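Colleague: The lines below spell out each chain.
2 protein chains.
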Amino acid sequence: MTVQRIPIIEKIMDANDQIAANNQKKLDDAGIFAINLMASPGAGKTSLILQTIRALAPDLKIGVIEGDTAPVTIDADKVLAEGMPAVQINTGGECHLDAMMISNALDQLPLDSIDLLIVENVGNLICPAAFKLGTHTNVLIASVPEGDDKPYKYTNIYRGLEVLVVNKIDLLPYIPFNMDYFRQGVELLNPGLVTFPISCSSGEGVTAWITWLQGRVKQQKSRGK
Amino acid sequence: MTVQRIPIIEKIMDANDQIAANNQKKLDDAGIFAINLMASPGAGKTSLILQTIRALAPDLKIGVIEGDTAPVTIDADKVLAEGMPAVQINTGGECHLDAMMISNALDQLPLDSIDLLIVENVGNLICPAAFKLGTHTNVLIASVPEGDDKPYKYTNIYRGLEVLVVNKIDLLPYIPFNMDYFRQGVELLNPGLVTFPISCSSGEGVTAWITWLQGRVKQQKSRGK
Chain A
112 MTVQRIPIIE
122 KIMDANDQIA
132 ANNQKKLDDA
142 GIFAINLMAS
152 PGAGKTSLIL
162 QTIRALAPDL
172 KIGVIEGDTA
182 PVTIDADKVL
192 AEGMPAVQIN
202 TGGECHLDAM
212 MISNALDQLP
222 LDSIDLLIVE
232 NVGNLICPAA
242 FKLGTHTNVL
252 IASVPEGDDK
262 PYKYTNIYRG
272 LEVLVVNKID
282 LLPYIPFNMD
292 YFRQGVELLN
302 PGLVTFPISC
312 SSGEGVTAWI
322 TWLQGRVKQQ
332 KSRGK
Chain B
112 MTVQRIPIIE
122 KIMDANDQIA
132 ANNQKKLDDA
142 GIFAINLMAS
152 PGAGKTSLIL
162 QTIRALAPDL
172 KIGVIEGDTA
182 PVTIDADKVL
192 AEGMPAVQIN
202 TGGECHLDAM
212 MISNALDQLP
222 LDSIDLLIVE
232 NVGNLICPAA
242 FKLGTHTNVL
252 IASVPEGDDK
262 PYKYTNIYRG
272 LEVLVVNKID
282 LLPYIPFNMD
292 YFRQGVELLN
302 PGLVTFPISC
312 SSGEGVTAWI
322 TWLQGRVKQQ
332 KSRGK
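Order-wise, the sequence lines are chains A and B. Read left to right, the first sequence gives residues 112 to 336 (the numbering used here). Read left to right, the second sequence gives residues 112 to 336 (the numbering used here).
Derived from the structure by calculation, the hints contain no laboratory data. Being a predicted model, the structure only gives us computed values, none of them experimental. Beta carbons are placed, not taken as given, at the ideal position from N, Cα and C, and that holds for glycine. Any given hint could be a false lead.
Okay, the calculated bits of chain B under chain A, using three or more residues with CB under 8 Å as the criterion [unchecked claim]: (1) 130–142; (2) 174–184; (3) 235–245.
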């Protein structure tokens, strides 16, 4: 039975990768730098997006694609309230975003006026890791209250990252979290992974993240021209 | 294409439900009360299991099935260190446990000497909700740092619950979490849901959870005899 199933799964992945490549071409043509923002539920994806918008506007225009498993617009509404374009994807219970969903969402965004696109994936440390979207880079938010053992347990998602954000460092005094143990787990999977320890509530560490982001947006703009 | 896919998915679910029913019969025959413990990563599943073992031993014998997506035995080792039988399931990247995994794990546990079985599902608020395991009840741990909007976003998992545990209430002074807003979201999906606010680190509220559990174990024992 396994032998029969594997080719079918490979075919689905090929189709997804094909659409992802088309998405990336569309983004490159528009000079947009795009990130796939992943995390478990409540790690601070929307908070980081809002902090990022506030730090970069009005110099940069940021588009946001919000992935949710339910038909709620809580997060998209927050982005719209900041004056930035947002598209809400309701996955209808599906546990991840895929390239086709992004393709449809891109059609609804004013790509010509966007500099940075942030895709907020569904809150999940497992399934999103398996699906390319066509974004340029994978960013994961780990959250201090989740505990320091997560890299040892959710290995696949850490392997495919370019950047790791460790959020809620303001809670470190109240929670047993061994940063050395956490880091060792990360190093096993993704040596030298660029990491930004931050607090979205206090603002600590956010500048370093913003500086990295500005560099990548600039790089992408210069490529497009 | 949708028309072709639906019957296949239904067949898979039927097979899973069939195995789940067999699992439940096996548990009933042994007089074991079994819970399916779900939560997002780092909400405190293993911490609650360890608190529960410490509160109920040596009066009750607790077996644990640990579900992880990676081949790590961090959680199972903690249960074994408490002197209780544990079986580790490595799902090989899969995002949830299913009934067949539980069936195999039950074969490796000393069912005759177990009173309570806790199945620690994979850390995920989406996929585990769709698969029956054969346990008697679904318990979800929500965690204060995840935020008060999770019932609005992860609706399916809240609908199928008998009990909700709200963990890390010791962090309420440091985090904006509106318990009324959270509760309203829960009530929309699962009116009157039995809820235990607790702190696994301070021990606050754990007694009420333990009392509920003792009642259900006793009930199951009396049914079996």
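Colleague: Out of the numbered hints, which ones does the structure contradict?
Modeller: 1
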